[in-house]
Amino acid sequence: MSINTLANIIGRPIADFQPCHRGDHFLNITLKSQVKDRCLNTLIHVSGSCHFSVSLTRVKCCVGARVMSTRDYAGVTMSRPIANFEPCHWGDHFLNNTLLDEGTILQIEQNVDELKVRVGELVGAVTEPQEQVELIDTLERLGVAYHFEKEIDDILETAFKSFVGDCQNADLNHVSLRFRILRQHGFYVSSDVFNKFKDQNGRFKESLASEVEGILSLFEASQVRVHDDTILDEALAFTTPLLKTMAKDLSSPLGEQVAHALFQPLHKGMPRVEARFYISLYEKYPSHDKLLLQFAKLDFNFLQSLHQKELRDLKEWGKGIHMKASFSRDRVTEIYFWITGVYFEPKYALARKLVGKTFKGITLADDIYDAYGTYEELKSLTEAFQRPWNKGFAEELPEHLKWGYYIFVETCEEAEEDLTKEGRAFCADYFRQHVNDMIKAFMQEVEWRHQKFVPTYDEYMKNALITSTYPLCIIATFLGMGEIATKESFEWASQNPMPDAVKAVSTIMRLMNDMGGFKFEQGRNHVVSAIECLMKHNKVSEKEANEMLDKEVEDAWKLINQAMLQPYVIPKLLLTRILNLARSAHVIYHDKSDGYTNINQILKDHINSILAFPISM
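If you read the sequence shown in the UniProt record's numbering, its first letter stands for residue 1, the second for the next number, and so on.
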């Protein structure tokens, strides 16, 4: 390639300087044997979309940063599947933003505690069953129900016992609300209760179409359906078009609530995001309770101040990692947002820290295997993980690979130190095993890519459930949960074959990721996805493949909903992490968009709303 041609391609005024007169003379007469034994290729980043591979014998430019082939001094051809990842959207904002001082945070916490007492008195004063359920719904939507878990459980125990009788004369709104709340709290109540709203032809009565709140409640109730809830499948089909029509004509705040529910059903939303939305909406309703609103706002701002400090600490740690592996996605802010969807409560600060580091390690490992490492390098890295873990082994790896190994070792050692104090050091063994399983699954994808092999959908999913990374994420979320995360719980989550809930959440993550990232992946040499497997072996179009995967995702949600019903196979607090992982995936990969890799405006708004801007009091 001529200098002029190269200049035209990359848009740089390249000078045609004379080469070094001596060439490699003084290298070859003294260091020849050393030079031949090692690869001296260096990756130079140019303008974000063009990469040069520089060696002693060759320069090759790859415009668009898709695939880079290089040849080292010994004549060995190398190929890197370079991805053109966008830089971090947030820059150093969450490193440099002004945080509240400890004195101010302490004062806010004291105010929260004072209001909590008053709200607790309000909860205890409500005795009418329907009002109690409505209050629970409001507390949960406002994001403050975690303060009153015992009181809520006691109320719902009574509501469960009287469910059938209470629903006999109740309208659609009240039946749907009571049904959803009880199901979300683990009480199995039969969906047959909705039969009374059907006509003689077995269809929902047309007269219901005028009950806006009832239709909205039924729509939200349909989101907690399990596999034998045929009537709720019908309810979803009945309510969705009605709500779409209503949303066009309704005034705010109800119209705003309907539009939001259609875009993001409450049950599948991230709790903090939904709380931030509802606090603003609740204030617009003339009937809102001023005490509840004040408490919700203050509590939200208090939690946000804690989360901002945790995010800054994670960003400071992650910045050092990214400087050493700049080819990988810099997504620490998105990682922390993801984790607040799994648990946001103050008592889980250590858990968020450990999971945050795990997510960063997963991202780096994923990018090494999918978007940077050569075939031979990845074989070596995989072998390193399968040996007993030791930080010293990282030094045997190339600089650009060692951090993919080191992060997991460091995070595990940090967790093990805390777990040992609790008498739970055994948890670290499960973490190591799941990391190793994930790495082997990543390497399987590399083998397929290397061989240009497209497996069947079933073959793909057997491996893809692991590369979803959620089996590892589940173990990581359990680490910081304290004594409730017993050895039996880790054993349950590590079963082969996977328990239904683990398989379901991994399916949601994998398939939503595949659908969201399909367009981006087509521009480079990438690992195969579920869409390609279906298109090749099932002879379907891209649109048909997406429809098939949408059905798989919906079926997976039904399995998760089933797992959240009593009797629980492991403690409910642990199962809730699995449910919340599904919720985070649903939000981040919503509407077939990979908001993690290529952040969209909706995700930017979510992150700003819960991590950047406090609520005005």
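Check the hints yourself; a few may be wrong.
[What the hints assert, rightly or not] 25 angstroms max Cα-Cα, derived DSS-like pairs, lysine-lysine: (1) Lys402 - Lys462; (2) Lys268 - Lys551; (3) Lys462 - Lys391; (4) Lys462 - Lys440; (5) Lys539 - Lys551; (6) Lys150 - Lys268.
Simulated from the structure, these hints should not be mistaken for lab results.
Item checked: Numbers of unmet hints, in rising order -> 1, 3
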